[in-house]
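Asks: Sequence:
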Amino acid sequence: MAKPGNDVKRRDFLKATTGAGVVGMTALAGCSGGGQEETTTEETTEDSGGMDTETTEESGGGEGETLPTYTYVNNAQAYNPPRHDAINLIASQFGDELGLDMEVDVLEWGTLYSRVSEEYDYSFATWHTFFVSEPVTELNNLFNSSNTDPGQGNYSGYENSELDDMMASYLAEPDADTRIDQAHEIQKTLMDDVPTMPITHMPQAAIYNNNQVGNWQADLANGFNSYWTMINLEMKNGEDTLKGYWPETLSTMNVLGHNDENKHVYQFNMMYDYLVQLNNNAEPDPEVSLATDWERVDETTMEYTIRTDHSWHDGEDLTAEDVAFTYNYINDNEVPLYSTQSQYIDNAEVVDEETVRINMSEPLGPFNLAVANLVPIIPKHKWEGRENPSQANIQEPVGSGPMKFDYWEQGSEFGLAKFDDHFAPVSFEKRFWRVIPEASTVWENLINGDLNYEPFGRIDRSLNENQDNENIGTTFQVASTFWMFTSNVRQDGLDDKQMRKALVEAIPRTPIVEQILFGFPDVGFNIVSEAFGPLHTEDVTRYEESTDAARSRLEEAGYTWNDDGLIQAPSE
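Going by our numbering, the sequence shown opens with residue 1, and the numbers climb by one from there.
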């Protein structure tokens, strides 16, 4: 155990706002993980409890330099109380049990997101992250060695040229069955090196007033906030408005200039059409897509048949020219938000009035799931004069989706209205999101009907206490989302795989699930969820939940502790 002498600094970070759930948390030191699945394969056993021989042999004995102070960025408790408490608990484990010099920096959510995803100014980060319909596209953005400059996507700083090659082979592979085996190898590599570790696998949760709305059907990409969910909802008892909330305001109406946070994605997915939309089986569905048919002409060419009887919200006809313009415009202007998709696009061209051909810059096997499902189609007559689209000041966006812009009272409320002429209409006339920071106020409004759904998806004490109320309905299903723990491997010490593995072993995943999140999620173990079906594998490195195992790992790697209990790097 770390000695309790003068290590005041690393104990000083816990705030008075930490919830009671942390105060009474099950002690973890020396525990075996609270029912975690035991390791069964030779590979898993070696990685969970032992050491990589090469690393152990290279690590020397004796005392090395004290590691730097590490900063764990945290959201304010009011924004997400359970996650705030979980981060404080994990930081406490790292400090008190492993001897890291820790500080927790509590930040407003937007600032936190920018610090991690754009500036890379952090040591550890945790938030609720989600993959869309194609997981390896997301992994390639998050972990490709070429994406490590600020703002490029690889905020962990992890580099692995062999993984880069594996992901490139997967993305170029047209055969779906071959991609399954490739995806499994990618997962094994990432869960062995652990630049990111899922703490919990979060469920997709629909939480709603069952007197006003029903028939909640999730899709893989956006859960119960998806396009598929919205066009299948059924309103009850004469209700014609879908009434939701978010704990903070939207920051822009620019579909090409937002920061990819859920609060923006869930709005723009309803205001804009995409060449391909998914049904609730995660399958491209022409009945609800802008394209009614598609064909892979060759390994770098896709052709789409576009609806010819559709229009923009301002009444102008939507044409194949708009589709080709969108892809060329986003590509030519190097729109940062769609840089992942743009790298596979050479150009788009109109074949005839109902056909668009998209020419890839390199082969991309899952093109519909990785590109066509994610790029919003924008009106040429509104955008062609804008030279810096990601910075455009959009006040009243014009799309072609099943809902159109109605009003935006920034800091207060945002509203959409039904687009009556859409080919996949919604059953309600209006939808609004009201800015409500406090969870207790949300539940009061849900129960009395002033709100009738909970798009933020809070998994917390309030849900546990209110889910049995006669006015509340809940629906849960497996999701692709998780609470992640990410280390910034650019920082001294965190570039060592054995250190990252020890940190993962010190995270009390089971107590967080059972005591902070009331048993709603599953304990995290793999970055690709079983929601992705055969692309997911169970055969990855499993880690104990044991600070004793973590300390033993560090000792074998040559780490030592000084008289104050602070950890020191292996000596050279």
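By construction, these hints were calculated from the structure, which means they are not laboratory data.
For each residue, glycine too, the CB sits at the ideal point set by N, CA and C.
One thing to keep in mind: the hints can contain errors.
Distance condition first, Cα-Cα at most 20 Å in a straight line; then the derived EDC-like pairs of lysine to aspartate or glutamate [as the list claims (entries may be wrong)]:
(1) LYS497 / ASP548
(2) LYS418 / ASP539
(3) LYS418 / ASP240
(4) LYS380 / GLU470
(5) LYS236 / ASP548
(6) LYS382 / ASP317
(7) LYS188 / ASP548
(8) LYS418 / GLU429
(9) LYS497 / GLU470
(10) LYS382 / GLU429
(11) LYS380 / GLU334
(12) LYS188 / ASP496
(13) LYS382 / GLU465
(14) LYS188 / ASP149
(15) LYS188 / GLU438
(16) LYS497 / GLU162
(17) LYS380 / ASP352
(18) LYS188 / GLU159
(19) LYS418 / GLU138
(20) LYS382 / GLU321
(21) LYS380 / GLU429
(22) LYS418 / ASP332
(23) LYS497 / ASP240
(24) LYS188 / GLU138
(25) LYS380 / ASP317
(26) LYS430 / ASP406
Computed beta-carbon distance windows for the label pairs [stated by the list, open to error]:
(27) PRO150 / GLU556: 54 to 64 Å
(28) ASN448 / GLY385: 40 to 50 Å
(29) ASP175 / SER361: 34 to 44 Å
(30) SER161 / GLY519: 48 to 58 Å
Asks: Are the hints correct? Go through all of them and say.
Replies: Hints, one by one, checked against the model:
1. Restraint check: the Cα-Cα separation between LYS497 and ASP548 comes to about 18 Å, which is no more than 20 Å; the hinted pair holds.
2. For a cut-off of 20 Å, the pair hint linking LYS418 to ASP539 is broken: about 46 Å separates their Cα positions.
3. Between LYS418 and ASP240 the alpha-carbon distance is near 10 Å, which keeps this suggested pair within the 20 Å criterion.
4. This hinted pair does not check out: LYS380 and GLU470 have alpha carbons roughly 49 Å apart, beyond 20 Å.
5. Taking the CA atoms of LYS236 and ASP548, the gap is about 55 Å. The hint is violated against a cut of 20 Å.
6. Pair hint LYS382 plus ASP317 holds up; C-alpha atoms about 13 Å apart against a cutoff of 20 Å.
7. This hinted pair does not check out: LYS188 and ASP548 have alpha carbons roughly 24 Å apart, beyond 20 Å.
8. Between the alpha carbons of LYS418 and GLU429 the distance comes to roughly 5 Å, so the proposed pair stays at or under 20 Å and holds.
9. Of the pairs offered as hints, the one joining LYS497 and GLU470 is violated, with about 50 Å between alpha carbons and a cut-off of 20 Å exceeded.
10. Distance restraint check for LYS382 and GLU429: the Cα-Cα separation of roughly 26 Å exceeds the 20 Å cut-off, and the hinted pair is therefore not satisfied.
11. Pair hint LYS380 plus GLU334 holds up; C-alpha atoms about 17 Å apart against a cutoff of 20 Å.
12. Straight-line distance between C-alpha atoms of LYS188 and ASP496 comes to about 18 Å, which keeps the hinted pair within the 20 Å bound.
13. As the CA atoms of LYS382 and GLU465 are separated by approximately 48 Å, the hinted pair breaks the 20 Å bound.
14. Our distance criterion of 20 Å between C-alpha atoms is broken by LYS188 and ASP149, whose separation comes to about 25 Å.
15. Of the supplied pair hints, the one linking LYS188 and GLU438 is violated, its CA atoms being roughly 40 Å apart against a limit of 20 Å.
16. Under the criterion of a C-alpha separation no larger than 20 Å, the hint pairing LYS497 with GLU162 is consistent with the structure, at around 16 Å.
17. Distance hint between LYS380 and ASP352 is fulfilled; the C-alpha atoms sit about 17 Å from each other, no more than 20 Å.
18. For the given pair, LYS188 sits about 15 Å from GLU159 by alpha-carbon distance, which is consistent with the 20 Å threshold.
19. Between LYS418 and GLU138, the direct Cα distance comes to roughly 32 Å. Violation of the 20 Å bound is thereby established for this hinted pair.
20. Simply put, LYS382 and GLU321 have alpha-carbon atoms about 13 Å apart, close enough for the 20 Å limit, and the pair holds.
21. As the CA atoms of LYS380 and GLU429 are separated by approximately 27 Å, the hinted pair breaks the 20 Å bound.
22. Restraint check for LYS418 and ASP332: the C-alpha separation of about 33 Å exceeds 20 Å, so the hint is violated.
23. This hinted pair does not check out: LYS497 and ASP240 have alpha carbons roughly 54 Å apart, beyond 20 Å.
24. With a CA separation close to 16 Å, the supplied pair LYS188 and GLU138 stays within the 20 Å bound.
25. This hinted pair checks out: LYS380 and ASP317 have alpha carbons roughly 11 Å apart, not beyond 20 Å.
26. Distance hint between LYS430 and ASP406 is fulfilled; the C-alpha atoms sit about 9 Å from each other, no more than 20 Å.
27. At roughly 35 Å, the beta-carbon separation of PRO150 and GLU556 lies outside the given 54 to 64 Å, and the hint is violated.
28. Taken as a hint, the range 40 to 50 Å holds for the pair ASN448 and GLY385, whose Cβ atoms sit roughly 48 Å apart.
29. Between ASP175 and SER361 the beta carbons are some 21 Å apart, a value that contradicts the proposed interval 34 to 44 Å.
30. Checked against the hint of 48 to 58 Å, the pair SER161 and GLY519 fails, with Cβ atoms roughly 41 Å apart.
Hints 2, 4, 5, 7, 9, 10, 13, 14, 15, 19, 21, 22, 23, 27, 29, 30, counting from the list given before, are not met by this structure.
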